[in-house]
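Participant: First to last, the sequence lines map onto chains P and L.
Just add 822 to the spot in the first sequence (first one is 1) and you have this note's numbering.
Just add 107 to the spot in the second sequence (first one is 1) and you have this note's numbering.
Please note that a few of the clues may not be correct.
[What the hints assert, rightly or not] In silico DSS-like links for lysine-lysine, alpha-carbon gap of 25 Å or less: (1) L:K209 with P:K1005; (2) P:K984 with L:K209; (3) P:K984 with P:K1005; (4) L:K179 with L:K209.
[To be verified] Label-pair restraints from in silico Cβ distances: (5) L:C172 with P:S1011: 58 to 66 Å; (6) P:I971 with L:R261: 49 to 57 Å; (7) P:T898 with L:Q280: 49 to 57 Å; (8) P:I971 with L:D126: 51 to 59 Å.
[What the hints assert, rightly or not] Some chain P residues judged to face chain L by a derived CB distance under 8 Å, without partners named: (9) I917; (10) G921; (11) E997; (12) I1004.
In case anyone wonders, no lab produced these hints; they're calculated from the structure.
We put the CB at the ideal spot given by N, CA and C, even for glycine.
One-letter residues, chain by chain:
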Amino acid sequence: MEYVISVLLSGISVGGQYALIAIGYTLVYGILRLINFAHGDVFMVAGLLGIYLTATLPISISLPLVIVLTVALGFTIERAAYKPLREAPRMSVMISAIGVSYLLQNTATYVTGGQPMTYPTIPFLSDTVNVAGTQTKWVVLITPVLVLILVIALTQLINKTKVGMAMRAVSKDFETSRLMGIKIHSVISVTFIIGSALAAVGSVLFFTNYPAVTPTVGSMPGLKAFVAAVFGGIGSIPGAVLGAFLIGICETIIKGLPSSWDVSVFSDAFTFALLIVILAFKPQGLFGEAATDKV
Amino acid sequence: MSEEILQIRDLEISYGGIDAVRGISFNVNAGEIVTLIGANGAGKSSTLRAVSGLIKPKAGTVTFCGEDITGKDPNAIVSKGLMMVPEGRRIFPNLTVLENLKIGAYLRDDDLEQDIEMVYGYFPRLKERSWQEGGTLSGGEQQMLAVGRALMGRPKLLMMDEPSLGLAPIVVQGIFEIINRIHEAGTTVLLIEQNANMALHVADRAYVLENGKIAAEGTGRELLADEKVKAAYLGT
């Protein structure tokens, strides 16, 4: 029983961390119809920033600074690599995104020398706590709560504010949005800023429970978050969050099965297989719109 | 002589080497309804798109309220009081009716209540549906919403691109009545239409566009009586 609780707790926590990355994919897709391949690597850079900044600055300064710098990175990537290709075919933007992804990975290799870097112990987050008889870290408990708060705040922003209304308008129709006086490039920047900020928060939570940051460490969580976004119906925020929790819980359960079964090494394969089965029945994802290509 | 609100001089527009508009000049005076009529491909829509800033003209100038706005961004042009009702209505299907109206006033920070009531006054149907998503409206209702949305920007000049396109004749009638009322309330209108008969009846003045050039101009009544216009556009 205690074992089941600890597996579930950790699944929810991992899922929450994927959710924070998945929102970045789904927001950007919703507005640009672009799979931002560099997003997982932005997450990795946030991890490295966390290591370097906490080494020299107190936590109270370094963690907010991680978020600010990750946002600056996301903003710059959009302006430098995607904005100039606004009128280009979507495939070109995608290739630009792949290029940015490798640029970030290679730069990380150059800076770290390719050595795995140990993430610092963040006080409180890494402290242990007793839940229903099992020992766990605070981060495991805090993650789902924090994700919930951030997701509610984000949906309020999108549904209740003027900039949120502009985001929804731009996601449907660039040209008409411009005719309303909306500066579409600014609105697009806002989506990158939100996505990067959430990825930065996710990186702190994720790496606190992860052995090391390497230049390619963003690929797998990035891929899973992307899959979560597709599973939930890409473009939909609740869908991405739900998908992320499902993936997190699934893979933790598979990893937690008795070691004599010898299946834990297949946890990723099983998770993806499960998604393929679900998507076969619901190709649009959980909350996806019927396929309407942008005009 | 009333004040010129919009002045187009020697406007040329081309797409990938094909000339859509080949040096046209016209003007709209404050308080008028001016219409551009012409066949499909005559350059009407291109002209409006250049005026609103969606495309950059190859040559020529666009002056709005005495200011050169040629090639400026739509954002800057909207902020000066020029709103457009785009061809095909283009309401935001995922926004509610009320949000569609609010977004028409995106650049304004003042109270919108009065303007929303004004639009609901023109189109009571929209008020009944204010919480519905725009995409659930009928074609005629969407056209009302597109017009209402543009009015929310308190335009000095309202440009309409084919408001009658794809609508049932009875609905078209209603739209033109509203155009008249909006005009009587003091808004200047530049109207583009393939439905020349309707357009010439509401217009103070009209220009006929043929192959990217102005082929005829005059008051609505003059053009309605013009033999060539009758033969080519009115089918009488």
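Participant: Please list, smallest to largest, the hint numbers that this structure does not respect.
Facilitator: Hints 5, 6, 9, 10 are the ones this structure does not satisfy, whereas the remaining hints hold.
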